[in-house]
Amino acid sequence: MSEIRIENINKKIKDAVILNDVTLTFSSGKIYGLKGKNGSGKTMLMRTIAGLLIPDSGTVTINGKTLHKDISFPESIGILIENPAFLPQYTGYKNLKLLASLSDGISDGDIKTALERVGLDPDDKRTYKKYSLGMKQKLGIANAIMGEPDIIILDEPINALDEETVRKIKDVLLDIRDKDKLIIIACHDKEELEYLSDEIIEIKDGSITGRKDMADGNN
Amino acid sequence: MKALKLELYRAFHSRTFFVSLLIGLVICILDLVTFCVQFGTSGSKFLLQAWIGTDYQFAYNEMFYVLLPVLACLPYGGSLYNDIKSGYDKNICVKTSRLNYAVSKSVAVFLSAFVSVALPLGLNMFAAAGMFPDFTPERLEFMSIRVLDRNLFAMANNDHPALYCLIFILLDGVFAGVIALTSLSISKLVKSHFTAVVTPMVIVIISGMLLQGDERGNWSVMDMLNPRQHVTTLWYQMLIVFLIILAVNAAAIWITSRKRAVL
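Those sequence lines, one after another, are chains A and B.
Everything in the first sequence is counted per our numbering, starting at 1 for the first residue and increasing by one.
Everything in the second sequence is counted per our numbering, starting at 1 for the first residue and increasing by one.
Hints may contain errors.
30 angstroms max Cα-Cα, derived DSBU-like pairs, lysine-lysine [claimed, not checked]: (1) K85/B <-> K14/A; (2) K190/A <-> K168/A; (3) K259/B <-> K65/A; (4) K129/A <-> K188/B; (5) K2/B <-> K129/A; (6) K2/B <-> K259/B.
Calculated from the structure, these hints are not laboratory results.
If you're wondering where the values come from, they're calculated on a predicted model, not measured in any experiment.
Same shape as in the complex, but just chain A (with noise of 0.2 angstroms):
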């Protein structure tokens, strides 16, 4: 069981307001979507939860921890934000046990696991600067969903992907939303998007504008 508490998150990036007085509520079981223009302040407020950007006033508290203070990031957080970034010269399994190798108790079949949901063959021998931009895209998403973090923010998941994969894809998170884990994502397909969300966040200028419960239909 996770909450996500955001208390009025301030951002400014060379006098450009990123983040303006953000208050939000996140909890485990839903996928919440992130609707906006280019530049309203989706991805900023994906790394500011993920702990990777640091607000200039507010807090961010992930289960009764506030981050930066009583813990330096989320302790189960899987993310894809922006492009995947990977290391070139290792295979998709290579870079998944290396990264998987900072965490605990993901296990070799979790990795491969995390592959073959996305529609990737554990046992490929190509190295990942060999992939195409969609097979990256998916190995972005398998580290993110890697051992089923309590947290996963995807940013675009489903840029460069093909229909059968983002079928795939979405049976994926909502297998893994049902297991009580907390899904945030930010998507430019609108019908995507509410196919998905339990809840869309609607942010403009860094500011929320508007919150709507799928379920009912309510704003």
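Following the hints, position chain B against chain A.
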């Protein structure tokens, strides 16, 4: 500890580590082969004349010590720049703290630089010691590198030449480690991997020219690392220079890593 293991694995399995090692080994092998071709393997030659660190007959000594900062930085010095540029640091910074990541990377950079410099020098010394005896050179002997009594480790040079070689291999390796940290500390400022790797050499050469010593002492790191000691370095000068490089780099890495936005 997990981040350190990952960084050490990456450092010692990187292609650049092997390239650096290869360059160092080629220079050291060429030096010894040239020495053997020129003077043969029998006769009156001894270790301090044949070891690349103290051999001044050929250009290989100069070549190795001018390139030492690059040999140190090439293995893993530019890795933070690469991680930031590619976004790979995101994968790590959600699983460990920024400070732990920076410390782990610093240790990996230091050790890979140490090995890249110390291993070729060490192998050259052991190969030379296998062919040439560990004689103490006569003070005025032709091709003797016997250092002046006021120079560093003069007693070892006089009485235990092999020990003198080992001391300098260790010192060169340790200095290579802290020089390589410069690449890490400037990673946020530079615009290319090449600049991150080459800047420390430029700093060492320019500071070497500006601070070149004389009989009263030497503050040039470029000169103090060469076991030939053609200028006198006092022990406290070496210690102070080491501490300054270490402190400046450690402070820069700490300041730039602590609250860095991982974008």
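For each hint, the structure was consulted:
1. Between the alpha carbons of K85/B and K14/A the distance comes to roughly 20 angstroms, so the proposed pair stays at or under 30 angstroms and holds.
2. As the CA atoms of K190/A and K168/A are separated by approximately 18 angstroms, the hinted pair is consistent with the 30 angstroms bound.
3. Annotation: proposed proximity of K259/B to K65/A holds, straight-line Cα distance about 18 angstroms (limit 30 angstroms).
4. For the given pair, K129/A sits about 25 angstroms from K188/B by alpha-carbon distance, which is consistent with the 30 angstroms threshold.
5. Only pairs whose Cα atoms come within 30 angstroms are accepted, and K2/B paired with K129/A is accepted, the gap being roughly 25 angstroms.
6. With a C-alpha separation of about 21 angstroms, the suggested pairing of K2/B with K259/B holds against the 30 angstroms cut-off.
Hint compliance for this structure: no hint is broken.
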